Amino acid sequence: MNKKNLQGYTFTRNKNGLAIPTNIQSGIIRNYCEKNNYNFKLHLDEFCLDGSFIQLFQILKNKKDINAIGICSIYFLPENKDLLQKIFSISKKRKIEIIFIFENIIFKSQNINIFIKEISQIKKINFLTKK
Amino acid sequence: MFSLKYSNLQKKFIKQGYAIFKIDNIQNLNYIKKKVEQILTGEKINLNNFHKSKGNIDLNKTRLKIIQKINKNNEFKLKYFNIFEAALNEIVGSEISMQKNIGLNIQTPKDSNSLIEMHADTYAGESNFEVVTWLPLVNVFKTKSMYILPIKYSREVEKNILKYNEKGTDIIYNKYRKKIKFLNLKFGEGLIFTSNVLHGNKINLTNQTRFSFNCRFKSIFSPQNLKLTNKTNSNMYSSVSLKPASIIGLEYINKI
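Note that the protein sequences, when read in sequence, are chains D and Z.
Per our numbering, the first sequence runs over residues -3 to 127.
Per our numbering, the second sequence runs over residues 329 to 584.
No wet-lab data here; the hints were simulated from the structure.
Predicted, not measured: the structure shown is a model, and the values here were computed from it.
Just so you know, even glycine gets a beta-carbon here, dropped at the ideal spot from N, CA and C.
Please note that a few of the clues may not be correct.
In the DSSO-like style, the derived pairs of lysine-lysine whose C-alpha atoms are separated by at most 30 Å in a straight line are [unchecked claim]:
#	chain 1	residue 1	chain 2	residue 2
1	D	K0	Z	K428
2	Z	K428	Z	K405
3	D	K(-1)	Z	K428
Some chain Z residues near chain D, calculated using beta-carbon distances under 7 Å [claimed, not checked]:
#	residue
4	P437
5	N441
6	E445
7	G453
8	N493
9	G496
10	T497
With these hints in hand, go ahead and build the complete structure from the sequences.
Next comes the structure, spelled out in C-alpha cells:
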C-alpha cells in the first residue's frame, strides 16, 4: 500500500517561550512519520520575520502530492482568527490533514469554527497558571 | 588613507551576492568524494547515476547516514574547510567560525521529497554576515543545481516580503523567474553565497542525481542577527581560526 506523504513545517520564532531548534522539530516530525507510516517530506522552515506564515501558505497552496502537514504544536499557528479560517479552509478544500504532534490533534474535515474554538480552549487551559 | 582593491572574486560576490571559484587543491575534493562513495557502497560509483543503483529506497536515511559519518570525521571537516579557506579569507576574513555540522543534499531526478523551497538563511535567524559554502560532487546545471536570486532582487523582495504572506513563495519565484539564476558548476568548482540572498531548488528534471555539501561560515566577531531573533549567541558554530591577539583578548574578556 502506498504511504501517505507528510510535509514537515517547522517554526523559527519564539512563541510564548516555546522555541525549539528546527532540526529538533524536524526530528520529531520524522519520528512521527516513521511511527505512523507516513512518507516524510523535508520540512520547510517558517521565516522568522514577525507575522510571517508564508511557508505554511506555500505548502497549503502550492505543494503537490501531499496528504498531511506535520507541525509540532498548535502554538505555531497564527493567533489571528481570519488567518486561521483561511488556513483550515484551504486545508479542507485540498484534503490536506494538519497534524499537531504535541497536542495529538488532527484537523481533517471538522467544522472549522469548532476546531478553532477547540485549539483556543487548549491554549487557555495551558495558560491557566500564567500570572 | 588607502582603500582596498577588490579581487575579481570579491567584486563578483559584492555584485551578485555569490561567487563561483575554481578549487585549487583537487585532492581534498577527491578525498571528500571518495569518502561519500565508501559510505554508500564501499566502492567507486558514478554519483550521477546513484538513483539507478539498488538499495537507495529511503533517500533521507541514506542522507542522514552520510551526514552522521562525515561529521564525526575531523579530517573530512578540515579538508572541506581547506577547499574554501582561500576564498573565505577573501570574502569573510581570516578569523572564521564554521558551522559544526556539514549538511548534504541528494537530489535524484523527479524527487519532490527533498525540495528546499525559496528562502534566505537570514529569515531563519542567521547572521546577515554569514556565508554559505556549497560544494557539488558532480557537474550541476539547470534543475540539477540550486538557484539564487541575485542580491539586488533579493533586497527588493525583502522590502515587501509580508505582501506575499498568504500566497506562498511560488509567487515570488514566478515574479522573478527571469532574474533567478540556476548555477552551472563543474566538479572542481565551489560556490560561496551570502545568507541574505533568496535561494532554493526545484524538482530535478534532468536524468542525473546531484550530491552537494553545504556549510555556513562567519567572521567570529561579526554580529548575530539580533534584529530577527532573540538569539544572543549561536551554538551552531565552532571557531576554527582564532588569531593570537584574539585568543589573549578573549581570555581577558572571559575573566571579567
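Evaluation of the provided hints:
{"no.": "1", "hint": "D/K0 <-> Z/K428", "in the structure": "34 Å, violated"}
{"no.": "2", "hint": "Z/K428 <-> Z/K405", "in the structure": "9 Å, holds"}
{"no.": "3", "hint": "D/K(-1) <-> Z/K428", "in the structure": "34 Å, violated"}
{"no.": "4", "hint": "P437", "in the structure": "16 Å, violated"}
{"no.": "5", "hint": "N441", "in the structure": "5 Å, holds"}
{"no.": "6", "hint": "E445", "in the structure": "6 Å, holds"}
{"no.": "7", "hint": "G453", "in the structure": "5 Å, holds"}
{"no.": "8", "hint": "N493", "in the structure": "5 Å, holds"}
{"no.": "9", "hint": "G496", "in the structure": "3 Å, holds"}
{"no.": "10", "hint": "T497", "in the structure": "5 Å, holds"}
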